[in-house]
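J.: Chain residues, written in single-letter form:
There are 2 protein chains.
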Amino acid sequence: MNAPLGALADAIVLPQPYLLFLGDTTEPSFAKTAFGLADWAADRCVGEFGVDGCAVSTGLPRMTPAEAREAGARSLVIGVANQGGVIGERWITALVEAMEAGLDVVSGLHVRLDSIPALADAARRTGRRLIDVRSPPPGIPVGTGRKRSGKRLLTVGTDCALGKKYTALALHRAFVERGLDADFRATGQTGIMIAGGGIPMDAVVSDFEAGAAEILSPDAPADHWDVIEGQGSIFNPAYAAVSLGLLHGSQPDVFVVCHDPTRKVILGLEDFALPSVEEVVDLTIRLGGRTNPAIRCGGVSLNTSSFGAQEAEALMAAERERLNIPVADPIRGGTAFAELVDSCLA
Amino acid sequence: MNAPLGALADAIVLPQPYLLFLGDTTEPSFAKTAFGLADWAADRCVGEFGVDGCAVSTGLPRMTPAEAREAGARSLVIGVANQGGVIGERWITALVEAMEAGLDVVSGLHVRLDSIPALADAARRTGRRLIDVRSPPPGIPVGTGRKRSGKRLLTVGTDCALGKKYTALALHRAFVERGLDADFRATGQTGIMIAGGGIPMDAVVSDFEAGAAEILSPDAPADHWDVIEGQGSIFNPAYAAVSLGLLHGSQPDVFVVCHDPTRKVILGLEDFALPSVEEVVDLTIRLGGRTNPAIRCGGVSLNTSSFGAQEAEALMAAERERLNIPVADPIRGGTAFAELVDSCLA
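Sequence lines, in order, name chains B and U. Sequential numbering of the first sequence, starting at 1, is according to the working numbering. Sequential numbering of the second sequence, starting at 1, is according to the working numbering.
In isolation and in its complexed conformation, chain B is listed as follows (with noise of 0.2 Å):
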């Protein structure tokens, strides 16, 4: 369980341990939410719940709303994307029926639940919570730039979707497994499911950008570290500014660079090369170096799921001889991830 983020952040913890909705899905795809939090919190997951039709599992067990509430369950966490961007009325027949037994309902959907009339009903006949995690906290402050205590990780990447959040959470999964002191703090919707709280730092208004940051994570012990989801890219022409304001507040003393050897052009925005490896790691030194001046990079965190074992390995290889620095792919583990990590703690 994380640490407490001080008054202003705790807005934003949800209530655990959660019961998984899977609606009516039936395509694995849809469900990413639910098996990452299957993989990732697991402990915190009761089971999971799906309505006529759905024919996904996260190998949880199934269980009604009421019998996850009688499990300890203090939440329904919506594990599906909604297709088309409606919900339909077997989904707010069930989550009507999570509140009922004594669930919030909370949700990364682009929809807001509260604008679901039968939901907002419900909600308010019941005293349950409606909490979307899309939602940044109120009461943001600006940023201060101030030193904190305690140790920062920071994932950062080449792009967008190439692995940050995975790294990060493999990265406290180590720190925690040596024996360390540590909190993974989520800036996306799935990892804030994940954390049980956190910052959707690509909700904040501009100006409170490096301050959500700062608040995300507060002072610590001197030997307590925390390891901070990335968003974006510095290089990347659309969300360049979620990533600098993240990364002035968080004021890593170390990152890991995020790649994806297959990618060339910015997700998305074809005319715009991915920035090299090289590339990341000076300019984010340069301008992290604002807010922390040892700021160092720990290493490569490398996804290579396009590639069979032998040329992951090889690539991973050549990059390590080119680039002088630990690279690993945290979801193949092994010798490499543990030097990764060990850079990291260096």
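If you are wondering where the hints come from, they were derived from the structure by calculation, not from laboratory data. Take these hints with a grain of salt, some might be off.
Because identical chains share one entry, a pair is satisfied inside a single copy or across any pair of copies.
Simulated crosslink set (EDC-like; lysine to aspartate or glutamate; CA at most 20 Å straight-line) [stated by the list, open to error]:
#1 K147 x E270
#2 K147 x D271
#3 K264 x E319
Given the structure is predicted, the values throughout are model-derived calculations rather than measurements.
Place chain U on chain B using the hints.
T.: Then chain U, alone, in the frame of chain B:
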């Protein structure tokens, strides 16, 4: 009058001409917005309006809201700060009178006018609008980085509050005086009132920061200039996210660095040294090059308001010598400023 920003940003075009509201202000420094409007948008201000106790004047003719409406005014602009954040009874009576006379009310105050019941009621009753220039328009898209036609100049800074708005206004005026087709693009509340439209960049959600800057300076004829008001500084640990999103989305061909030689530390963050002009030039080219590889520095706008004429001249000459680029104080104008304009247009 500025060129339209297209359907989206039409939402923030302010009804002009204005009647300037001075409230019951006795202290000129609280009426900076009114003075700014009288200086830079005198042709779009029909007069000024104060209530009992008002002891400041912009020099514009005093008139009642009804007289102003008769003279063509379409909105009353609150040109003064309200002390302590409270809007008193006398102000409310005056603003209601303005709406009854047929004027919309434009405000840059922190308090939202529609949160004051008497004003919200009067707006409903009279059919007039309460326009808050601190609120960005709805529907701002994510940035694309797509190269737009026309030319763009952005003022950047070593810090906040040292002349970026003034410099952009002065350069825009100089461009127009030279017969060029140019628009001033406003990014802060006073600038928006002067321009009659714009986007309050610091209030935009981070994910859309670059996208907001993109719609602020849309495609234009090849020889058209948008002169864009800068915000913050990429070296400011609180506000760099705003500055980088604005830089990426503006894709400027030319930037001018605004600097106050008496400022040694970041305003309000005294542990942070002010960056040098050279550092700002270098990092702006590096970051801005991502969306416009041809970006270049046009020169330096030096705020010499703390110095006598001779000292200011010597200071500018020394900086010119040291940096080998044009250095001018737009408030002092003269040959130095003409050279800065030449350099921007070169």
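J.: Are the hints correct? Go through all of them and say.
T.: Hint-by-hint comparison with the structure:
For a Cα distance limit of 20 Å, the shortest separation of K147 from E270 across copies, 13 Å, qualifies, whereas the shortest one inside one copy, 38 Å, does not. For the homomeric pair K147 and D271, the shortest alpha-carbon distance between copies (10 Å) is at most 20 Å, but the shortest distance inside one copy (38 Å) is not. In the homo-oligomer, the alpha carbons of K264 and E319 lie at most 20 Å apart inside one protomer (16 Å), although the nearest pairing across protomers, at 43 Å, exceeds that limit.
Of the hints listed earlier, there is not a single one the structure fails to meet.
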